[in-house]
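*Asks:* Those protein sequences? They're chains L and A, same order as listed.
Each residue of the first sequence is one higher than the one before, starting from 339 at the first, in our numbering.
Each residue of the second sequence is one higher than the one before, starting from 72 at the first, in our numbering.
Since the hints were made in silico from the structure, they are not lab data.
Watch out, some of these pointers could steer you wrong.
[Stated by the list, open to error] DMTMM-like cross-link-like pairs, simulated, lysine to aspartate or glutamate; straight-line CA separation at most 20 Å:
no., chain 1, residue 1, chain 2, residue 2
1, A, 467, L, 727
2, L, 803, L, 777
3, L, 392, A, 116
4, L, 584, L, 565
5, L, 803, A, 425
6, A, 399, A, 438
7, L, 431, L, 473
8, L, 392, A, 472
9, A, 508, A, 396
10, A, 399, L, 488
11, L, 371, A, 136
12, L, 788, A, 352
13, A, 428, L, 494
14, A, 466, L, 436
15, L, 689, A, 386
16, L, 656, L, 595
17, A, 466, L, 760
18, A, 398, L, 473
19, L, 656, A, 233
20, A, 398, L, 727
21, L, 491, A, 396
22, L, 491, A, 216
23, A, 467, L, 393
24, A, 467, L, 449
25, L, 431, A, 136
26, A, 466, L, 565
27, L, 702, L, 760
28, A, 319, A, 413
29, L, 491, A, 386
30, A, 467, L, 485
31, A, 399, L, 436
32, L, 491, A, 472
33, A, 399, L, 487
34, A, 466, L, 393
35, L, 803, L, 770
36, A, 399, L, 485
[To be verified] Chain L residues, not near chain A, derived (Cβ > 10 Å throughout):
no., residue
37, 396
38, 505
39, 602
40, 611
The beta carbon of each residue, even a glycine, is placed where N, CA and C say it ideally should be.
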Amino acid sequence: MSLKFLRPVVALLLSAMWVNVAAAAAAEPVGVKIPAHQRFVLPNGLTILLLPKKDVPLIAFSGFVRGGALADPAGKPGVGSLVAGLLDRGAGKRSAFEFADAVAGVGGSFEAAAGPEAISVNGQFLARDRALMIELLADALMRPHFDADEFTKYRDRDIEFIKSAKDSDPSQLLSIYGRALLFGTHPYGRPQGGSERSLAAITQGDVVSYHATNFGAERTTLVFAGDLDPKWMKKALTTAFGGWAKSKAPAGPALAEPPRISGRRVLLVDSPGAVQTYFWLANVGVDRRYSGRAALDLVNTLYGGRFTSILNTELRIKSGLSYGARSSFVRGTVPGEFAIQSFTQTANTAKALDLALETLDKLKHGSVEPAMLESSRAYVLGQYPTRLETAAHWAAALADLEFYGLGNDYIEGYGAALSKVDPGEAAAVTADAFPRPGDLAIVLIGDAEKIRADVARYGTVTEMKISQPDFSPAN
Amino acid sequence: MPDFPRSRALSSLVWMISPLILGMATSAGAAGAKPAPATVVPGAEQVRSTTLANGMKIIVWTDRDIPNVALYNWVRVGSRNEVPGITGLAHFFEHMMFNGSSKRQPGEFDRLLESQGGSNNAFTTDNVTVYQDWVPRSALDLTFDLESDRLANLAFDPKVIESERGVVYSERRLRTEDSNEGFLAEQVQATAFVAHPYQFPTIGWPADIQSWKLEDLQRFFKTHYAPNNCTLVLAGDVSADEIFALAKKYLEPIPRQEPPPPVRTTEPEQLGEKTVRVEREASTPLLYLAYKSPAANDPQGPAINLLMTILTDGDASRLHRLLVEEKKLAIDVSGAFSEGFDPGLTWLWLTLPEGVKVPEVQKVLDDALAQAVAQGVTEAELTRAKNLFASTFWKKLATIDGKASLLGEFEVFNGDYRKLFDAPATYEKVTREDVQKAAALIFQDRHRTVGILQSPPAESAPAPTPAAPAAPEAKP
């Protein structure tokens, strides 16, 4: 059973990779090739990519409409997310149920979600249902109903999902609180799915107007991969989408680069009765086009990206303080966050936090040993192929390249870039992209009464209740 | 949360139901939705198997799409093999399988495997413990070396036992004590069974987590980790011959052992509805139903799976439509037939919106289930369910990981991996009458346990935090 509150933000955060590993640990990547595919742009500006891959009788699609949470009206985070969720709840000639029945009736899938900068759509159908797939996709993007009853029901349910997440898995809310604390008024600080309070204030009119303004052919890219005939697909897609108008407004203004923070900000989210403290430590990192990407991936793998990472070794393997600890970079059009995330028994909160900070300090002041760099390189290269195994993987990867305007070299040159990283470059990205332990936004969800005193020494603490209907105390 | 934490204790509950259930239809005479395509599984002829002299079975599916290999070692031991006092030991043991042998230091397994490009994980359920490696084919030799070493020479470092105890307790706090969903599911499962060890939570009861001893681990290893109690499945860029040769070299020397004693206890028939109520702070109350159900290899299994798909899979499903969309009495409805070696449970999990009255929800739900028993399902519903199985089947078979996982499930739970390839026909044969019979078999009030979780009544003091004795201090 899933907490549906956190709908997957699929393609756009997926870091696509692929390398063929020839042999052994320090293998040279060979012949990294994106499978042959076609790309064309319809006269109305819609971009379409078609990649045949015929191992199983399925066609996967992955696409995006530029805008996402970025296009939410001021003070109303969550509109884009509701638009995404409502696309298939009544569209074209079908009611919400008829749409769901049409998809499931043939064993298909259709998902839409709002990310920070785009609404993504993803799905998969049996190849023989290709005509239905295109019809449903066109209806959802071009002709959604946004029926009043469906809108209210869906919005109210989203509010309940946030409450349900607070009841059963508060850790999944960490980054939402965290981004608000770290990015402040920058668009990356907004809760993409909205908050209980912001959702309650959104109207059907907001949703209709968002779609009318922000949806259109020139903002949209659709990628299909799988058991497909490009000629048939091109003709059918041109017919289905050729009449789609351009959107009424150009995709929003360029995003400003969010500033890194100096010093510490601490937010304590009080969850009375919680037996563990869930924590998130972050600062602004680097963007998708970061030139040191390969070195960054290798260093983060060593620091917090695999089981034997420095973080997991300290917090789990050696101390038994936590079930797990990890770190990651979110790299958008502009820099997203570098974040450490873990949890521990309430009484050990300070101990675990100190250890996490210590590892970061050591990373910043130490150096990456050549043997560790080799191990990390082998690991990233070795796991790489499994991330581009299926047609759905390829559809998402190509959509990702298109969204960020990255060349094929982002995939095809990655192996070579990895093999070139030396300790000097590793040291350079460590200095450049990872924050100092003194400069962090820190969020803790836990029993405030029991940890308040411990937490005070990490910086100026702001406190709020988990029951508050926003993800930030400022509101 | 961190998603490489190795090892999950899966209590046949919320976070995963083993999809033994995949099937695909070859034709269906439904109006409305189209029937699933008639298809033969491509590459099925590439699967080969052998049994080593020590009784360990090896199954290999060659698939050279990517230069990688997925390895699954299925050990036939889970929390059903536990007794009071050592609950959670199967899962704890799984953690300890990564923590050193007489030849290798704790942690070396992971360090070596990762340094050659591999990753690994493992999970424990009521029924089985499964070890997984995903490696580039260049790391095959090392992988067999590591797997055989821990089966032959596992050793326990008392210091590591203590720190790993803390890790497991942290897992329990995450999934059970800080989770209303996990907490209620554990209570319902423990209430549903009076005799059979399916009543034990796979993660273990807190007092037992604190008390496992070195001797418990040693005894468990001797009893259950015999090569003849394991099935090894590989899929990927390998030939069967090279894998058989590696298995002979590394695994065959491990001596066969006395098979573990069978689980003797069978659950007596339940003769009346049971209810368990949990009072915990909850904005969104929970209503869980668990019905006594047959074992995985029961011939009615496919019909039960299709029934549950019809009722709960997706926005078009019957219960979602009724309870979430029409009546607005739930925000989420899901369910599954949990398949194991012994008769188990079929679950319905409902999350309710704030303020709704639980008895009102239960009444509507009961009426809907009674209707499924009395009137069955429609042809369109059955076709939809068969098509959903077909697409899930194909999606899983698109990866080497899915292939290794499915082969193992069919071999271990259905007695023969080749039944995987029969699944399409098996599911295709299911009729509306079969599904109605399955509904009548499962949805019997006297065979069910009802779990309700909601906030304590407003006038009384808030419920204390669930009994959670402090975990032992970890000793670095």
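*Asks:* For every hint, state whether the structure bears it out.
*Replies:* Now for the hints, and whether the structure bears them out:
1. Proximity of residue 467 of chain A to residue 727 of chain L is assessed by CA-CA distance (about 12 Å); at most 20 Å being required, the pair is judged to hold.
2. The straight-line distance between the Cα atoms of residue 803 of chain L and residue 777 of chain L is roughly 25 Å, outside the 20 Å bound, and the hint therefore fails.
3. A C-alpha spacing of about 18 Å is found between residue 392 of chain L and residue 116 of chain A, which places the hinted pair at or below 20 Å, so the restraint holds.
4. Using a Cα cut-off of 20 Å, the hinted pair residue 584 of chain L and residue 565 of chain L is violated, with the two alpha carbons roughly 30 Å apart.
5. A distance of roughly 18 Å separates the Cα atoms of residue 803 of chain L and residue 425 of chain A; the hinted pair therefore holds under the 20 Å criterion.
6. A hinted pair counts as satisfied when its Cα atoms are at most 20 Å apart, and residue 399 of chain A with residue 438 of chain A qualifies at roughly 16 Å.
7. At roughly 10 Å between alpha-carbon atoms, residue 431 of chain L and residue 473 of chain L fall within 20 Å of each other, so this suggested pair holds.
8. Distance hint between residue 392 of chain L and residue 472 of chain A is fulfilled; the C-alpha atoms sit about 18 Å from each other, no more than 20 Å.
9. For the proposed pair residue 508 of chain A and residue 396 of chain A, the alpha carbon gap of about 27 Å is over 20 Å, so the pair is violated.
10. At roughly 11 Å between alpha-carbon atoms, residue 399 of chain A and residue 488 of chain L fall within 20 Å of each other, so this suggested pair holds.
11. Proximity of residue 371 of chain L to residue 136 of chain A is assessed by CA-CA distance (about 13 Å); at most 20 Å being required, the pair is judged to hold.
12. A threshold of 20 Å between alpha carbons decides the hint, and for residue 788 of chain L with residue 352 of chain A the separation of about 18 Å falls inside it, so the pair holds.
13. In summary, the hint linking residue 428 of chain A to residue 494 of chain L is supported, as the alpha carbons are separated by about 17 Å, within the 20 Å threshold.
14. Proximity of residue 466 of chain A to residue 436 of chain L is assessed by CA-CA distance (about 24 Å); at most 20 Å being required, the pair is judged violated.
15. For the hint pairing residue 689 of chain L with residue 386 of chain A, the CA-to-CA distance comes to about 45 Å; that exceeds 20 Å, so the pair is violated.
16. Note on residue 656 of chain L and residue 595 of chain L: the hinted pairing is violated, with a Cα-Cα distance of about 38 Å set against a maximum of 20 Å.
17. At most 20 Å may separate the alpha-carbon atoms for a hinted pair to count; residue 466 of chain A and residue 760 of chain L exceed this at roughly 39 Å.
18. Our distance criterion of 20 Å between C-alpha atoms is broken by residue 398 of chain A and residue 473 of chain L, whose separation comes to about 30 Å.
19. For the proposed pair residue 656 of chain L and residue 233 of chain A, the alpha carbon gap of about 10 Å is at most 20 Å, so the pair holds.
20. Taking the CA atoms of residue 398 of chain A and residue 727 of chain L, the gap is about 42 Å. The hint is violated against a cut of 20 Å.
21. At roughly 8 Å between alpha-carbon atoms, residue 491 of chain L and residue 396 of chain A fall within 20 Å of each other, so this suggested pair holds.
22. For the hint linking residue 491 of chain L to residue 216 of chain A, the alpha-carbon distance of about 56 Å lies beyond 20 Å, and the restraint is violated.
23. Taking the CA atoms of residue 467 of chain A and residue 393 of chain L, the gap is near 12 Å; set against the 20 Å cutoff, the hint holds.
24. Taking the CA atoms of residue 467 of chain A and residue 449 of chain L, the gap is about 18 Å. The hint holds against a cut of 20 Å.
25. A C-alpha spacing of about 41 Å is found between residue 431 of chain L and residue 136 of chain A, which places the hinted pair above 20 Å, so the restraint is violated.
26. Pair hint residue 466 of chain A plus residue 565 of chain L holds up; C-alpha atoms about 13 Å apart against a cutoff of 20 Å.
27. Distance check on the hinted pair: residue 702 of chain L and residue 760 of chain L sit about 17 Å apart at the alpha-carbon level, within 20 Å; holds.
28. This hinted pair does not check out: residue 319 of chain A and residue 413 of chain A have alpha carbons roughly 33 Å apart, beyond 20 Å.
29. Restraint check for residue 491 of chain L and residue 386 of chain A: satisfied, since their Cα atoms lie roughly 13 Å apart, inside the 20 Å limit.
30. Distance restraint check for residue 467 of chain A and residue 485 of chain L: the Cα-Cα separation of roughly 36 Å exceeds the 20 Å cut-off, and the hinted pair is therefore not satisfied.
31. As the CA atoms of residue 399 of chain A and residue 436 of chain L are separated by approximately 18 Å, the hinted pair is consistent with the 20 Å bound.
32. Taking the CA atoms of residue 491 of chain L and residue 472 of chain A, the gap is about 38 Å. The hint is violated against a cut of 20 Å.
33. A C-alpha spacing of about 12 Å is found between residue 399 of chain A and residue 487 of chain L, which places the hinted pair at or below 20 Å, so the restraint holds.
34. Proximity of residue 466 of chain A to residue 393 of chain L is assessed by CA-CA distance (about 11 Å); at most 20 Å being required, the pair is judged to hold.
35. For the given pair, residue 803 of chain L sits about 35 Å from residue 770 of chain L by alpha-carbon distance, which is inconsistent with the 20 Å threshold.
36. Straight-line distance between C-alpha atoms of residue 399 of chain A and residue 485 of chain L comes to about 16 Å, which keeps the hinted pair within the 20 Å bound.
37. Distance check on residue 396 of chain L: its Cβ comes as close as 6 Å (rounded) to a Cβ of chain A, failing to clear the 10 Å threshold; non-interface status is violated.
38. The beta carbon of residue 505 of chain L sits about 5 Å from the closest Cβ of chain A, which is not more than 10 Å, so the claim that it is off the interface is violated.
39. Listed as outside the interface, residue 602 of chain L is consistent with that label: its C-beta sits roughly 23 Å from the nearest C-beta of chain A, beyond the 10 Å cut-off.
40. Against chain A, the non-interface label of residue 611 of chain L is violated: not every CB pair exceeds 10 Å, the least being about 5 Å.
When the structure is compared with the earlier hints, violations turn up for hints 2, 4, 9, 14, 15, 16, 17, 18, 20, 22, 25, 28, 30, 32, 35, 37, 38, 40 and for no others.
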